[in-house]
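**Q** Here the structure of chain A is known, so what remains is to put chain B in place on it, guided by the hints.
Protein sequence lines correspond, in order, to chains A and B.
Going by UniProt numbering, the first residue of the first sequence is number 1, and it counts up by one from there.
Going by UniProt numbering, the first residue of the second sequence is number 1, and it counts up by one from there.
Keep in mind that the hints were calculated from the coordinates and are not lab data.
Wrong hints could be hidden among the right ones.
Each pair may be met inside one copy or between any two copies, as identical chains are not told apart.
Below, computed lysine to aspartate or glutamate pairings styled on DMTMM-like, alpha-carbon distance capped at 20 Å [stated by the list, open to error]:
{"id": "1", "residue 1": "LYS73", "residue 2": "GLU56"}
{"id": "2", "residue 1": "LYS43", "residue 2": "GLU199"}
{"id": "3", "residue 1": "LYS73", "residue 2": "ASP63"}
{"id": "4", "residue 1": "LYS213", "residue 2": "GLU202"}
{"id": "5", "residue 1": "LYS28", "residue 2": "ASP63"}
{"id": "6", "residue 1": "LYS28", "residue 2": "GLU4"}
{"id": "7", "residue 1": "LYS28", "residue 2": "GLU56"}
{"id": "8", "residue 1": "LYS209", "residue 2": "GLU231"}
{"id": "9", "residue 1": "LYS209", "residue 2": "ASP109"}
{"id": "10", "residue 1": "LYS73", "residue 2": "GLU137"}
{"id": "11", "residue 1": "LYS43", "residue 2": "ASP16"}
{"id": "12", "residue 1": "LYS209", "residue 2": "GLU106"}
{"id": "13", "residue 1": "LYS209", "residue 2": "ASP107"}
{"id": "14", "residue 1": "LYS43", "residue 2": "GLU106"}
{"id": "15", "residue 1": "LYS28", "residue 2": "ASP53"}
{"id": "16", "residue 1": "LYS28", "residue 2": "ASP109"}
{"id": "17", "residue 1": "LYS213", "residue 2": "ASP107"}
{"id": "18", "residue 1": "LYS28", "residue 2": "ASP16"}
Number of protein chains: 2
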Amino acid sequence: MLLEHTTDIYDGVTVDGASLPATTEEFKSVLEASLEAWRSTGKKGVWLKVPADRTELVPVSIDLGFELHHAEKAYIMLNMWLPSTASQLPANASHQVGVGALVLNEDGDVLVVRERNGPLRGTGIWKFPTGLIDAGEDLPDAAAREVREETGLDTEFDSVLAFRHGHRGLFGKSDLFFVVRMRLTPGADSSALQPQESEIEECQWMPRKLFAKQSAESGTVLLQELTTIMEGHLAGEATNGLRVAAAAEEEGGAEGHKGEDGRKKGGGEDGERRRHAAAFRGKKREFSRK
Amino acid sequence: MLLEHTTDIYDGVTVDGASLPATTEEFKSVLEASLEAWRSTGKKGVWLKVPADRTELVPVSIDLGFELHHAEKAYIMLNMWLPSTASQLPANASHQVGVGALVLNEDGDVLVVRERNGPLRGTGIWKFPTGLIDAGEDLPDAAAREVREETGLDTEFDSVLAFRHGHRGLFGKSDLFFVVRMRLTPGADSSALQPQESEIEECQWMPRKLFAKQSAESGTVLLQELTTIMEGHLAGEATNGLRVAAAAEEEGGAEGHKGEDGRKKGGGEDGERRRHAAAFRGKKREFSRK
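So here's chain A without its partners, still in its complex pose:
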């Protein structure tokens, strides 16, 4: 008897944990027989999905040669490469993706917030609304959601201005941080600001000159980059064009314990701890030669 499984076009095998044997002993013996059978028929990668309520099966799986691959709240995924060649099994997700929104009102002032938590707490620094994209969420939707959550305002997607590629973020993963231009939804009352109580201390419309002055004085690379991108964009430069500015590297190896309040904090604060901001942006002259 073999474990219930499905196969795929890559000679792969997947064992879905929904129908695993009732006891560890039985599981072990059936798994051993299954591996032998799959080896003899030239199978390559074996995926084993153990539900959160059957994690007692994990140690015995590891004993039989499986490796941990990834986990979600509902399960632990293990895998095993049967041939003697190097494993070609794909890695799990490698990136977090964050977004920061540039929103202007009728007077050309920029929408900024002060955060209640995180590295900027207590510094008095004003920044764009920022946050992490939820799994399955489109970038424009994430930007609109963050602006609404943090300031109460409804906005629509206009364009992507820049992005930065960083490394060694949460849980040792890399991240991409996008700066997008959002415009107020027609009919929205730009004076009806409602800061999100749990995360945001204050929000306001800030004259761009003041914002630029604060950025210059803050000593944070990302804030200065954001201001440069904003000014270039508003001066009519095709900042939408993308170009590598610098490589990003965080100073410390941030680990999983970076913090509870990090959830909604896409790239803003993390970025400020980096030695370089790798903004991808371009200026009109860089494309005019094409």
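**A** This is chain B only, laid out in the frame that chain A set:
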């Protein structure tokens, strides 16, 4: 006695699995005492990192209220939110990131490959070199590596032309696929093509008209998008400008068993299974009104 732990600025606690008690019983009793102590001192999030060789501690952790958060080859990370409020603990990485490279030779022909494996196997379709960015790798480096691995040619980063945001990819995660322009490294011999034996059947320089014809006839949305982006870029349009074209959604809920050969196949093939390609690209006229 409490478990050895560190604290952070978010009132968080992290237990590193390097020094866990020797037996499950001892671990259970110390963990119970620790949780009580942390609760009474107002701690919020607790992170528990269980090494791959101590996974027998996972079931008892779950019994005490921990949830699975993520896993890597070396460990399983569990966590627990102590307050009665909604958890503010951050999610694990949500995205894979892929890259496809447009490379032209002296005659303006485009560098294309035929894959040995994956969904395009046997279709005869030629495509850009593509691949997944490794954890910690910069986008330009990943593009150069993929071109070199698949074709043997050395190239340098020029610019980002477009990107697409997709969902429900490998392991249910989202993905970003970037199209970048690479130029041959000065002095590189464009005729010295060396296809990577394990992954690539053939590579060649293909006249752009032929490539466009193949794309139109292939019926694959992503290939058509790529061709449109390439043609616009080469016609001098500021395709570097970014704009949302459409939302991406895969038809089926792809799972972890997508396949062994998926490792190096960033967004190309996955993309072709999507109903829509969400290329972010713009044309000069879209920015000229600013």
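**Q** Evaluate each hint against the coordinates.
**A** Comparing the hints with the structure gives:
1. In this assembly of identical chains, LYS73 and GLU56 lie within 20 Å of each other by CA distance both inside one copy and across copies; the values are 16 Å within and 18 Å between.
2. Taking identical chains as interchangeable, the C-alpha atoms of LYS43 and GLU199 lie at most 20 Å apart only when they sit on different chains, with a minimum of 18 Å there against 50 Å within one chain.
3. Taking the closest pair of Cα atoms, LYS73 and ASP63 come within 20 Å of each other only across two copies (14 Å); inside a single copy the shortest separation is 23 Å, beyond that limit.
4. Taking identical chains as interchangeable, the C-alpha atoms of LYS213 and GLU202 lie at most 20 Å apart only when both belong to the same chain, with a minimum of 19 Å there against 56 Å between chains.
5. Taking identical chains as interchangeable, the C-alpha atoms of LYS28 and ASP63 lie at most 20 Å apart only when both belong to the same chain, with a minimum of 10 Å there against 23 Å between chains.
6. For a Cα distance limit of 20 Å, the shortest separation of LYS28 from GLU4 inside one copy, 14 Å, qualifies, whereas the shortest one across copies, 33 Å, does not.
7. Proximity of LYS28 and GLU56 under a CA criterion of 20 Å is satisfied in both settings, with 11 Å inside one chain copy and 15 Å between copies.
8. Within a single copy, LYS209 and GLU231 get their C-alpha atoms as close as 10 Å, which meets the 20 Å cut-off; across copies the closest is 40 Å, which misses it.
9. In the homo-oligomer, the alpha carbons of LYS209 and ASP109 lie at most 20 Å apart inside one protomer (9 Å), although the nearest pairing across protomers, at 48 Å, exceeds that limit.
10. Proximity of LYS73 to GLU137 under the C-alpha cut-off of 20 Å is restricted to the intra-copy arrangement: shortest distance 19 Å within a copy versus 27 Å between copies.
11. In the homo-oligomer, the alpha carbons of LYS43 and ASP16 lie at most 20 Å apart inside one protomer (17 Å), although the nearest pairing across protomers, at 37 Å, exceeds that limit.
12. In this assembly of identical chains, the alpha carbons of LYS209 and GLU106 lie at most 20 Å apart only when taken from the same copy (16 Å versus 47 Å across copies).
13. Taking the shortest alpha-carbon separations for LYS209 and ASP107, only the intra-copy value of 13 Å comes in at or below 20 Å, while the best inter-copy value is 49 Å.
14. For a Cα distance limit of 20 Å, the shortest separation of LYS43 from GLU106 qualifies neither inside one copy, at 63 Å, nor across copies, at 44 Å.
15. Taking the closest pair of Cα atoms, LYS28 and ASP53 come within 20 Å of each other both inside a single copy (17 Å) and across two copies (17 Å).
16. Taking identical chains as interchangeable, the C-alpha atoms of LYS28 and ASP109 are never at most 20 Å apart, the minima being 65 Å within one chain and 56 Å between chains.
17. With identical chains, the CA atoms of LYS213 and ASP107 are at most 20 Å apart within one copy only, with a shortest distance of 18 Å there and 49 Å across copies.
18. Taking the closest pair of Cα atoms, LYS28 and ASP16 come within 20 Å of each other only inside a single copy of the chain (15 Å); across copies the shortest separation is 29 Å, beyond that limit.
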